[in-house]
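Here's the letter readout for the chains.
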Amino acid sequence: MVNLTPKLSPKGWDEMFSKDGVRDAYKQVLQTLEGLNLDKLNVKQKQASDIFMNQGITFTVYSDDNQGIERIFPFDIIPRIITKNEWIEVETGIAQRLKALNLFLEDIYNEQLIVKEGIIPASLIASCPHYLPEAHGIKVPHDIHVHIAGIDLIRGEKGEFYVLEDNLRCPSGVSYMLENREITKRIFPEMFRANNVSMVANYPMIFHNILVSLSPRSIPNPNVVLLTPGVYNSAYYEHTFLARQMGIPLVEGRDLVVNNHKVYMKTTSGLQQVDVIYRRLDDEYLDPLVFKPDSTLGVPGLISAYKMGNVALVNAVGNGVADDKAIYAFVPQMIKYYLNEEPILKNVPTYQMENPEERELVFADMGNMVIKETNQSGGYGMVMGNKATEEELEAAKVAILNNPRNFIAQPIIQLSTVPCYIDGELKLRHVDLRPYALCGPNGVKIVPGGLTRVALTEGSLVVNSSQGGGSKDTWIMK
Amino acid sequence: MEVNMLSRVADGMFWLNRYMERTDGMLLTLNTLYIMSFDQETNDYQGYKPLLKYYTDLAPEHIAEFQHDTNFVLKYVICDNKNLNSVRNLITKARENARGSQDKITKELWEHINSMYHYINAADLPSRLETPEAISILAKLNKDFLLYNGIFHVTMPRGLGWCFSSIGKHIERCLQTISMTQSYYAPIEYNLDGKEDLLYWRKLLLSLSGYELYLKSYSNIPHNRKVIQHVIFNPDFAHSVIFTLGLIETYLECVFKNNNLMEARTMRNQFGRLKSYIEYTDYHHLSNYQLEQVLKNTKDQLNEFSMDFSKLFFSYT
Amino acid sequence: MAVFNIIHITKYKYNLPIKESINEIRLFPHNFENQDVLQYQLSITQNPNVSYTNDYHGNRVGNFNTLEAHNEMTIESRMLVRVNHSLKIPEIDETKAKDLNLHNDIYLLRLCSPESIEKQEEINSILKEIDYENKSIIALAFDCSQYIYNNFTYTKGITNIETTVDEILGHRKGVCQDFAHVLLQLLRTAGIPSRYVSGYICPNESGLRGEGATHAWVEIYTPKQGWLGIDPTNNIWTMDNHVKLSVGMNFNDCTPVKGTFKGISKQTLSVFVSIGYEDGRHFEEINDVELQKNSVEFELQLNHAEQQQQ
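Line order of the protein sequences matches chains U, R and G.
First residue of the first sequence? That's 1 in full-length UniProt numbering, and the numbers climb one at a time after it.
First residue of the second sequence? That's 1 in full-length UniProt numbering, and the numbers climb one at a time after it.
First residue of the third sequence? That's 1 in full-length UniProt numbering, and the numbers climb one at a time after it.
Mixed in with the good hints, there may be bad ones.
[Unchecked claim] The calculated lysine-lysine pairs, modelled on DSSO-like cross-linking and capped at a C-alpha distance of 27 Å, are: (1) K119/G with K397/U; (2) K99/U with K116/U; (3) K98/G with K116/U; (4) K311/R with K262/G; (5) K46/U with K107/R; (6) K258/G with K139/U; (7) K185/U with K46/U; (8) K262/G with K93/R; (9) K262/U with K258/G; (10) K13/G with K311/R; (11) K11/G with K292/U; (12) K292/U with K13/G; (13) K387/U with K158/U; (14) K99/U with K139/U; (15) K262/U with K11/G; (16) K19/G with K262/U; (17) K292/U with K262/G; (18) K44/U with K107/R; (19) K311/R with K266/G; (20) K19/G with K311/R; (21) K140/R with K49/R; (22) K224/G with K116/U; (23) K139/U with K116/U; (24) K84/U with K158/U; (25) K107/R with K185/U; (26) K119/G with K292/U; (27) K88/G with K224/G; (28) K119/G with K135/G; (29) K19/G with K292/U; (30) K258/G with K292/U.
Hints in this document: simulated from the structure, not taken from any laboratory.
Can you make the complete structure from the sequences, with help from the hints?
Spelled out as structure tokens, the structure:
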């Protein structure tokens, strides 16, 4: 029997331990872990990483010389637990947010009332690179623009939840939510059974039903496909995983062709019409006739077919305007404006660098700020004020002054920690949480689970896989 | 059975199996010639030439230079990146094809291909091939291919993907058999009445996994004619030309069954002619010249068929 | 008032057959206050099914495709258009750019954000020279147009559809579309919402530049008189000789024919435009358009394909 209780760090919220000891939800887990000796734990850890490697569950990291390296996404064997009450807040909060974001997208690509009424400055939209004029006026099925969202949540010093980012374009990582669960079941069958954990495995079925419901043709078995940029994409594993789980063809752009404003796939017995495309390809690559003319990943004429209502795209085109980091700051206003409700989940305070007063405030306090590029994601284009050198901070200021619309700043929030099994001990590491929300004609559905990402470097607050993050299985208690 | 699949995926599975079959055959030949090279007494004027000539694009003067150089051949054939047809490059290409059609192949198969890929790309493999460990590396690779075929058979669904990959596999196997046969008959000018002994033919037969079966077939025809009967016309031999053509035909039927592409019928006739050509060749009275022609024509026609087949089903770009 | 009979033929030829071609066309004259389309007819090789939608700027867009292999494609559009500008010059209006109240209009805001270019300083100093801060929108637009007319040389053949504003500012030469791009940069920097216009200019006795063919100019937004056309190539407000086809941020938004295809082939494009007056006079122009250079890799593939062909 080992004593795994780590030394608590004085500041911040730890999800397993309060200052009075282990929290109720984690009691059983800690007991199981302490009942095992180190060798057994090490074997389990090895077992988990072998499963990932053998299955080829890898992602590709691209460095400056453009050489991709295949890596596994490190998996920590200790689950992260969210209690039932905590989950209710997360679930209702995300559902509310998605409802508002969908209304916002429908509005901004049609009447633009929220701008005309002065709630969101038009200049912010006009200057957003992801606001696509080409999407203006396109009628999308059931007025749903966001069918799948990955909402990044963090917890502050008192354990309160904040929304850090809304990922409304091609959120990735859901395959890890599902695979992590399968691995926990294999390495800790007893412990898993002893706890009352909500199921996540029906995610592909729920999503598939939504995809089918969006078909423009009312036929019994519409053709739904997953469009991938191809084997070199860093998330290719996830694309194959989801296609397999939903039993839909995994297609590349060159498999599709537009004829008479309808989309077809090229099969061994000729062309077959496609009704719904779950595309994991960014907007600007979708159709070389409309967006990047040199894109070979997309399908020429796709947007025209989409405009005519002959094919559904998931997510809709142009969603980037709603998860732009500067527009993010206005989501609470959107919730009030469209739903006449108070936001359930908090936003992280966000300073617009375009606003000279807010900029001065931030410049005076760079050490406590994180600077983010408004149109970047995945941990790229970020400067952490508390970690950056003087030169880096100065460079950030120059970059901001050159193009203030391109940046926002937020106060650094000490993310909550969850213990991880590292080098034979439990060590506290910072985590975030990305639940996956699905939105169909019958409303928002959030599978009780999510991807917990871990910043594996001690003290680090950056959890992105491209920046050396790992992940944990995430248990929502029933 | 599903009536269609993505052309690109069908293409991927076709080539996955062609590459794997090619590598399998090449390793078998390499293994055979490598083991034989230990036998100092054999008067072996060809050395690795049949292997290098068919499976690599080395120029004739380089083949002459290296055909007795085991060290060079092992590394060049197994893991030289410059050799487009090295085991390493072929497995890499096979894996690329598998990745592109990953949603149609089983998890078990994918994991096995993946592990072969990691093995063949190990950084120390070339240096280990220079040590006595080489023989066990060869054995391990040969086993891995047996396992690949086994996993394929046991786990893969018998749908269109199966048909396309089986057609790829047997086109490749048939071409191998013809080519290896040519490389043992060409040096003796296709002399069916010659007196080459079993030692001479053993290499060909072992390279095609047909030695034991050959020994079991009792008849008193001289080897030079009997080998032809075995590798081309024996319907029970899994590497014979007639057997592989038969399987291709079976899977073609399967592909055509639910397919209403207009060109399908032409394609079926084209293949029918190719198969009848072998079927109705009277091998008892074959002349040397006819043998040369039969081998050459069959190979040409099969290559042509493979191209037309690809054009019909895989033209997605 | 004038009525024009316009024929616009776009012809693509391929030395080897291509397939899966798909095209987007903006060849439809605008119907607006000063312009009536009396007749319109479109014909395309193999008579494909054309779908029509409107884009963000309100232009009519046609979309069609041909799956089968083909060696050429011709798009022929014929139209009878009546143009009727009641005024030769805009009414006097003292509104200045800073008086515009755009804060809740995304469309206009986009049209007054200048492209980011290296030679922005040069743009700023031209504006200073014109004393832009003290001028009304209308006066400023005219002065900018005049500046370009006086300081840039109209020269064919040195620029193409890819030429950037920086390049034009460098050599100060170009054709109508280059002048329009420079004028847009000046006006947007000064805070005036303005857009690119592609269309035809119909020749008259006075000898307008860019005659007898497709033409490009600029429209500025004024709160009282709406969109006003100004033609920097000829230094005039647009009048009965200008037939408007489409508007956008820049040339790219207004490309008359845009398309892709599959196949390895050399492509040639020629454009024929003929404009006839009611009295029977007519003018023609044929342009062999230089297409974008191919990559080395593509050229190699092409050579290979051509050899196989022989």
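Hints the structure fails to honour: none
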